[in-house]
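Asker: Work out the full structure: start from the sequences and follow the hints.
Protein chains in written order, with our numbering: chain A, 54 to 360; chain B, 7 to 257.
Because the hints were derived from the structure by calculation, they are not lab data.
Predicted, not measured: the structure shown is a model, and the values here were computed from it.
Beta carbons are placed, not taken as given, at the ideal position from N, Cα and C, and that holds for glycine.
Incorrect hints may have been included.
To be verified - One-sided excerpt, in silico: chain A residues whose CB lies under 10 Å from chain B:
#	residue
1	231
2	238
3	244
4	247
5	249
Said to hold, decoys possible - When the alpha-carbon atoms are kept at most 20 Å apart in a straight line, the in silico EDC-like pairs for lysine to aspartate or glutamate are as follows:
#	chain 1	residue 1	chain 2	residue 2
6	B	74	B	29
7	B	74	A	252
8	B	58	A	252
9	B	11	B	29
10	B	11	B	101
11	A	354	B	152
12	B	202	B	34
13	B	175	B	204
14	B	251	B	241
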Amino acid sequence: MQDLLYFFQQLINGLTIGSTYALIAIGYTMVYGIIGMINFAHGEIYMIGAYTALIAITGLATLGIAWLPLVLLVALICAVIVSSSMGWAVERVAYRPVRGRHRLIPLISAIGMSIFLQNYVHLAQGSRNIGFPALIEGSFRMGPENTFQLSISYMQITIFIITLVCMTALSLFISRSRTGRACRAVSQDLGMASLLGIDTNRIISATFVIGAALAAVAGLLLGMYYGSVDPLFGFIAGLKAFTAAVLGGIGSIPGAMLGGLILGVAESMTSGYLSGEYKDVVAFSLLILILLFKPTGLLGKPEVEKI
Amino acid sequence: MLEVKNLSMRFGGLLAVDQVSVDVQEHEIVSIIGPNGAGKTTVFNCISGFYKPTGGQILFEGKEIQGKPDYRISRMGMVRTFQHVRLFGNMTVVENLLVAQHRHVNTNLLAGLLKTPDYRAREKRSLDRARYWLNRVGLLDMANREAGNLAYGQQRRLEIARCMVTEPKLLMLDEPAAGLNPAETRELDQLIVSLKEDYHVSVLLIEHDMSLVMGISDRINVISQGRPLASGKPEEIRQNDDVIKAYLGEA
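Answerer: Below is the structure:
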């Protein structure tokens with residue numbers, strides 16, 4: 054019984070982290086699916102989302118507004134707006150001018166953008182980590198007293214609900230809406246979509262904006278979950294989300310969701326049964342294994358060379 | 007409606023197209039033929055905006071279009087196919103036709119989210135048009151299949167339907183009969199003629215299948231090694247010595 058509870062605890066912790074990785078991973082995978090580049094500045098967009106949310110929460114607190122749903126909503130909206138504009142601007146400034154060149158050029162541009170944004174936040178907000186107020190406290194507890202108890206915090210539940218809503222909304226948007234349909238067409242054959250009169254530049258911008266919005270949501274959630282942010286906040290999370298995207302099959306949205314969850318669970322199981330220090334080792338070993346044995350990822354389709 | 011004057015296209019040291027002129031009038035099927043590597047597809051690519059021609063002029067309904075981005079050109083009412091099928095293979099048959107009408111339902115995101123009556127009406131119109139064309143090319147039963155799973159001949163027909171839902175004035179077909187069996191080629195033949203007769207679309211055609219070309223073209227342009235060789239009505243082309251030489255080689 055004890056062992057089982059412990060296992061479930063790790064599973065729940067893993068799914069919590071994993072679902073936020075998935076939210077960030079969607080941004081990587083959508084951009085890759087459409088223009089075939091890795092947006093290495095995506096982790097920074099996520100970090101900026103977390104900072105914006107923190108600023109909004111602090112601002113509301115000084116105004117004396119403390120009603121939780123309102124605070125969360127305002128923080129979420131601010132983070133989404135700022136990150137989306139950032140995502141849009143990054144594409145316009147750093148990627149569009151070099152689109153269609155050799156693959157390495159946008160990659161270097163992305164890394165440059167990432168360093169720029171990181172250092173900008175360093176300058177603007179300082180390099181110390183800043184505490185994130187714990188807005189949602191308390192937890193469910195299960196199991197006998199005085200022994201190991203399964204605990205699910207309300208924060209974890211909030212994370213589950215919000216990520217689930219975001220992912221459902223995204224899935225519906227992609228499969229049902231007109232713009233979503235155009236996104237799929239552009240990701241399959243950009244040239245043909247353009248010939249049929251779709252303004253591909255607008256669709257590419259939309260992809261960056263959607264990816265950034267989801268990253269901002271993840272930024273707010275993980276900021277609250279970890280309780281602090283710093284300018285390097287986006288670096289490791291970005292790397293993990295990228296791993297999740299590759300694990301699931303880069304270019305595939307369900308793949309990114311699955312990859313995120315698997316990665317999160319693998320990490321928390323490692324922390325729970327081995328040692329917390331090994332969790333990154335396991336995460337990146339998974340990446341290497343997947344690249345060795347199934348380079349297209351779990352749900353990625355093999356690319357068939359057309360003749 | 008389409009006028010190509012002295013078109014030239016140079017790739018580095020290679021002059022792929024040299025002083026080619028083609029014109030298409032309203033209500034006309036015009037073919038471009040020539041041996042492999044003659045530069046037919048390059049001409050197409052210049053017209054549809056894939057390449058920026060290095061010389062010459064392309065006028066569509068009196069407006070210069072050379073060097074304009076492809077989506078602008080297609081919005082003017084000119085749409086093309088490719089030698090190989092380029093459907094959105096992971097999308098369903100009907101989605102392929104809906105996405106082609108993307109620009110027709112030109113509304114903003116907000117209208118889409120709120121599903122305004124105007125937006126719904128437009129969506130319905132595009133669905134009706136898609137259904138009409140699926141029926142016209144005999145693919146209505148396949149509407150919800152993935153386009154990539156259709157048989158080759160069906161994919162070819164779907165491509166033409168996808169062009170037609172955009173309501174083009176000029177349809178450019180690059181080897182539409184490639185890979186089709188004789189029966190399918192005959193069906194295609196009838197379809198193309200009907201597009202001209204019933205829907206008043208002009209057609210510019212590249213094709214190797216001589217029976218198809220000779221049967222349906224109003225005029226034919228022959229190019230060889232990037233240069234214009236002959237142009238005229240099918241019967242004139244059939245008897246042209248230069249054309250016969252280019253096709254059969256000189257003895």
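Asker: Does the structure break any of the earlier hints, and which numbers would those be?
Answerer: 10
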